[in-house]
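So for the sequence shown, the numbering used here puts the first residue at 1; every next one is plus one.
Derived from the structure by calculation, the hints contain no laboratory data.
Fair warning: this is a prediction, and the values are worked out from it, not measured in the lab.
Don't be surprised by glycine CBs; every beta carbon is placed ideally from N, CA and C.
Don't take each hint at face value.
Derived SDA-like pairs: lysine to any residue, alpha-carbon spacing no greater than 25 Å straight-line [stated by the list, open to error]:
(1) K192 / L124
(2) K140 / L124
(3) K140 / A109
Cβ pair distances, simulated, as ranges [claimed, not checked]:
(4) F105 / L78: 33 to 41 Å
(5) Q26 / C144: 14 to 22 Å
(6) P155 / L84: 18 to 26 Å
(7) N146 / H120: 24 to 32 Å
(8) L122 / A196: 39 to 47 Å
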Amino acid sequence: MTTAKLEPEVYQGQFGEFTITEGDRQGVIIYRAGLAVAAGCFALGAGLVLRFGDEPGVMSWVTVLYAGFSLALGVSLLTIHIYLAPLHRALQAFWAIGGLSAIAFALQADEPLASFVYNHPLSLLGVGFTFAALTGIFFKEAFCFNRAETKILTPLLPILLLGHMVGILPPQGEQVLLALWAALFLVFACRKVIQAIPPDIGDKSVFDYLHQERLAKAGN
């Protein structure tokens with residue numbers, strides 16, 4: 001007995017019909033897995049800081065978790081679907097700047113990276129680009145899916161980071177915002193896991209249209 005091969009479902013997009021391939025689905029799964037790992041690492045790191053403070057041993061573990069968070073975020077930024085290619089490249093560039101800054105600080109500091117960044121707020125002018133990339137993801141998800149947690153996270157990140165950098169937030173306020181960030185990030189990642197895959201792929205006819213436009217401009 002032969003098993004009939006299922007035909008891929010055809011979707012009607014703004015600029016024509018399109019189908020979703022297995023590769024498209026795998027890309028979304030990788031994107032969501034990256035977010036899940038990033039959220040888990042961030043929540044664990046935040047929990048350690050909130051529970052034990054800035055003890056050197058604790059901050060060393062927080063630095064390791066930050067590395068996991070950053071790498072996982074980079075994977076998500078490689079596989080995220082964003083219609084505007086310049087915006088996609090900008091978020092990836094932000095992530096790269098933040099990552100290179102973190103490596104530079106880690107190599108020259110005589111304390112764990114997490115401690116260095118906390119004790120030298122102006123270092124966020126470099127490392128903070130990683131969080132700018134994460135904020136971009138939250139903004140995209142809020143705009144596309146109207147998620148309550150991402151609507152809160154989008155302004156929360158710059159408020160906490162800029163507030164710490166200029167020294168206007170009390171320690172208790174920073175702790176509350178950090179705990180809220182970690183909790184909502186986990187909520188967001190969990191909800192992405194159970195979300196249907198096609199909406200994360202988007203309208204592929206728009207991607208094709210924009211790609212053809214770029215080719216046409218390059219040929220002129």
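Each hint, compared with the structure:
1. K192 / L124: Violated - the C-alpha atoms of L124 and K192 are around 28 Å apart, more than 25 Å.
2. K140 / L124: Holds, at roughly 23 Å.
3. K140 / A109: violated, 35 Å
4. F105 / L78: 33 to 41 Å: violated, 24 Å
5. Q26 / C144: 14 to 22 Å: About 20 Å separates the Cβ atoms of Q26 and C144, which means 14 to 22 Å holds.
6. P155 / L84: 18 to 26 Å: holds, 21 Å
7. N146 / H120: 24 to 32 Å: violated, 38 Å
8. L122 / A196: 39 to 47 Å: With Cβ atoms ~43 Å apart, the hint holds.
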